[in-house]
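**Q** So you can see what is in the structure, the chains are spelled out below.
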Amino acid sequence: MSLTTTTDSELLIQFRNPVTKERAFTSIIKKYQEKLYWHVRRMVIEHEDANDVLQNVFIRVWNGLENFREDSQLYTWLYRIATNECLTYIEQQKKRMSVALDEVESGLSNKIKADSHFDPNRLEWKLQLAIQQLPEKQRIVFNLRYYDEMPYEEMSRVLDTSEGALKASYHHAVKKIEDYIKNH
Amino acid sequence: MAKSVPQNPYLVPKEYFESFVGRVLSLVKADAYLSSLPKDTPYQVPVGYFEGFEDRMMEVIRRHADYQTSKEELESISSLLSSLNKRPVYSVPQGYFENFKVTVEEKKRQTKVVSIAGRKWFRYASAAIVTGVIAMAGLMYFKQPKVDPLKQPQVWVEKNLNKVSTEEISDFVKLAEQESQAKENVAINKPDDLKELMKDVSTKEIDKFLNETGDDVVDETLLN
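Residue numbers (the working numbering), protein chains in the order written: chain C, 17 to 200; chain B, 170 to 393.
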């Protein structure tokens, strides 16, 4: 049986068995690494930063999976960890830089512009710049809905926010992004 | 070949067959009873409840956050964004995902907190230390060089005088003066006064007194 087709429940059972623990963990990484990577990368922009955060995410998964209560889907829990690690990382960056919030956001925009493939004429790159203008949490909401197409019900569990508030936040974010693209 | 009676190896609960008929009959009767009961639900339904129910239900579903898929939702709020390509614009180093590894350090053992006071060895050690301190203190006290008052009277007096308060010394001096005064008073007493005191005491009684007191030094003035 392919490891990627193993259900999350089966992976959890295997993880809790000392004999199969590492193999199950490797399977979880393989199954979710790309999704989580892009979720993180869209927040922190640079690959090296994304790699650092992703490492931290899976270390937390390793340490916490034993006690995972399964009151939510595994991937919901993973996304929750990844989101928290992103926010923590961004906070640390702010403190390290000791600058105002808007300067941090312009720093992220600069990182986007510094990408070797950056093309200001392409709408996809303008979209990235527009997304960086959003407040952190609204940015996460937008990314989860727009890129990951996550249902609001799941998002509510990831972000511990009501579905109605998330939907309103997303609609508002879409409008802001549309205005930015039209004006730049 | 001898005919062998086939033996059934399986066991049957005691009196199983005796009570079998009764059990079956009670099940049949229960089923018959339930069948005889009316099947109408006694609960009331508001008038007109089912009229327009499907429209009301759709309203509820449309109000639900996940009524639309993300694609349908985006198309309804922004045709611009819904037309954009969602392909990632950021580049990833070649082979990154294939070679991705997580270095997980061994979980440090949680240090078990143990109350050291609860340990026997700690109690024994504490007792030994206290005993040692007392012993050392005693040793130091008894090993102090003693001063002989006959050989070194001045040193002895100086050493012990430190322990006596000024008030005590003053009282002692006063007492000494009083005794000295008393002794002088006695010495000043004339022999006549003594005779007056002893005139009623017979020689026999004096002898008896002297015998009882033995070799104690007696002031000869008392005898005269």
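Just to be clear, a hint being listed does not mean it is correct.
[Stated by the list, open to error] Simulated DEER-style distance windows between Cβ atoms:
(1) C:Thr23 - B:Pro182: 41 to 51 Å
(2) C:Asn83 - B:Tyr202: 35 to 45 Å
(3) C:Lys51 - B:Arg292: 56 to 66 Å
(4) B:Val271 - C:Leu103: 12 to 22 Å
[As the list claims (entries may be wrong)] If you want the footprint, here are the derived chain B segments under chain C, 3+ residues with CB under 8 Å:
(5) 179 to 190
(6) 257 to 270
Note that these hints are calculated values from the structure, not bench results. Think of the CB as a built atom: it goes at the ideal place given N, C-alpha and C, for glycine as much as any other residue.
**Q** Hint by hint, which ones does this structure get wrong, listed from lowest number up?
**A** Checked against the structure, the hints that fail are numbers 2 and 5, while the rest are satisfied.
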